[in-house]
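Just so you know, the sequences run in chain order P and Z. All residue numbers for the first sequence refer to the numbering used here, where the first residue is 222 and numbers rise by one. All residue numbers for the second sequence refer to the numbering used here, where the first residue is 1087 and numbers rise by one.
Be aware that a few hints might be false.
[What the hints assert, rightly or not] According to the in silico footprint, chain P covers these stretches of chain Z (three or more CB under 8 Å from chain P):
#	segment
1	1105-1119
2	1210-1217
3	1220-1228
4	1231-1237
5	1244-1251
6	1265-1272
Don't read these hints as lab results, they were simulated from the structure. Here the structure is a predicted model, which is why all the values come from computation and not from measurement. Each residue gets a CB set at the ideal place from its N, CA and C atoms; glycine is no exception.
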Amino acid sequence: MPFAAESNTGAFCDWIRLGVLMTVREVAEAAYRESLPVLALSAAGGLFAGVVLGGMNAELERVAGLLVLVPALLATRGNVYGSLGARLGSALHQGLVDPTFSADDERVNAAVAAALANGIMVSGIAAFLAVALLSALGRPSASLPTLVAIALLAGLISGVLLTVAVVSVVFAGYRRGLNPDTLAGPVVTTTGDVVGIATLLVATRIVLALGGG
Amino acid sequence: MAASAWTVRGIVRRMLPVLVVLTAIELGSGIVLDTFEGTLLRYPTLLVLVPVTIGMAGNLGSILAARLSTALHLGLLSFDSADDRLVGNAVATIALAVTVFPLVGAGAWLLQTILGGSRLSLPTVVAVALLSGVVLAALAVAVTTITTYAAYRFELDPDDVVIPVVTNVCDVLGVLVLFGAVRVLV
Chain P
222 MPFAAESNTG
232 AFCDWIRLGV
242 LMTVREVAEA
252 AYRESLPVLA
262 LSAAGGLFAG
272 VVLGGMNAEL
282 ERVAGLLVLV
292 PALLATRGNV
302 YGSLGARLGS
312 ALHQGLVDPT
322 FSADDERVNA
332 AVAAALANGI
342 MVSGIAAFLA
352 VALLSALGRP
362 SASLPTLVAI
372 ALLAGLISGV
382 LLTVAVVSVV
392 FAGYRRGLNP
402 DTLAGPVVTT
412 TGDVVGIATL
422 LVATRIVLAL
432 GGG
Chain Z
1087 MAASAWTVRG
1097 IVRRMLPVLV
1107 VLTAIELGSG
1117 IVLDTFEGTL
1127 LRYPTLLVLV
1137 PVTIGMAGNL
1147 GSILAARLST
1157 ALHLGLLSFD
1167 SADDRLVGNA
1177 VATIALAVTV
1187 FPLVGAGAWL
1197 LQTILGGSRL
1207 SLPTVVAVAL
1217 LSGVVLAALA
1227 VAVTTITTYA
1237 AYRFELDPDD
1247 VVIPVVTNVC
1257 DVLGVLVLFG
1267 AVRVLV
């Protein structure tokens, strides 16, 4: 058994949290109980994102191809910042990083910088591929510079907001004894959807105001 | 394995190719959405339901994936149909879908009714959400288990690979399953 005399209390709590000593029923009940609140929260966030999407009718009609980008951009938010959350969660479990903010934690800084770089680059690539795909299918599409500018701008703004959200929630949750694995995914997907659609709307309006279209 | 390779360049190099492939797949679901734009505009309740259904599918998969990934990192998981941790988490995933999706349907109907009126009845929307949810949960369990196992076999860090693959595949399945449910029930 892992909880011999030399184990500290934190490590013991980790073993309990991870279900080392559990039956199927206990594992299922623990997973259900831990996940339900965040899932309910993310459902509320998702509904809000749906309402914002419904309010984007004018922009969706004006910028052909924007609706095609929506799943890709939302998924990129979830992927990049969900992976950041999972990376920090595993590192916390393994004791590689401390759950506190520190400007000189190189490990956390590298993970954050890489997430931002990935998030912004993939957003631009998504816009480029969407225009190529739509023209190959002979469907209407806004100009390449317009869609790429919207995607990059939305990627930048949402990236900064989501990085703050992920690092805060994972660290604060871990300090309070919550399992970062259960927290990170849904919190990222929820804030990712709301932030993703809201920043897409903002970016579209900025680019249209600057003369794109 | 990830612990020793936490550099910006290393993370970008490992993740970017995966992200680009996943983005291409997501654009496929974007094209499907584009194709069904008429249906979405005719029944705005379904439009409200789109992000939340996609999101919940991805969430169910990503919670499961994160739990399995950490168990794998710590050497606690075996890919065996009798593995307690695997079966317990799969059961929880289905139970969560059965709990949350009817509430999601009711919430979408309520919001749309308040904001602009819904052409679909409450039981219809709840049934669409529940059917989508149960099918998606079963698919999420299958996709997550297979992907985690593949990462394990190919010695890839599950944190880099599994969550992105699972979330994206569930997103695309979310769009397809939702429209399947609409076809059957509306």
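Verdict on chain P covering the segment 1220-1228 of chain Z, criterion of 3 CB contacts below 8 Å:
Since three or more residues must qualify, the claim that chain P covers the segment 1220-1228 of chain Z is violated, with 0 doing so at under 8 Å.
How about the segment 1265-1272 of chain Z: do at least three of its residues have a C-beta closer than 8 Å to a C-beta of chain P?
violated (count 0)
Can you take a look at whether the segment 1244-1251 of chain Z is actually covered by chain P? Rule is 3+ residues, C-beta closer than 8 Å.
Per the Cβ count (4), the hint holds.
Verdict on chain P covering the segment 1231-1237 of chain Z, criterion of 3 CB contacts below 8 Å:
violated (count 0)
In terms of beta carbon proximity below 8 Å, does the segment 1105-1119 of chain Z have 3 or more residues touching chain P?
holds (count 11)
The segment 1210-1217 of chain Z covered by chain P? Criterion: 3 or more residues, Cβ-Cβ distance below 8 Å.
violated (count 0)
Figure legend: structure checked against the earlier numbered hints; hints not met, in rising order: 2, 3, 4, 6.
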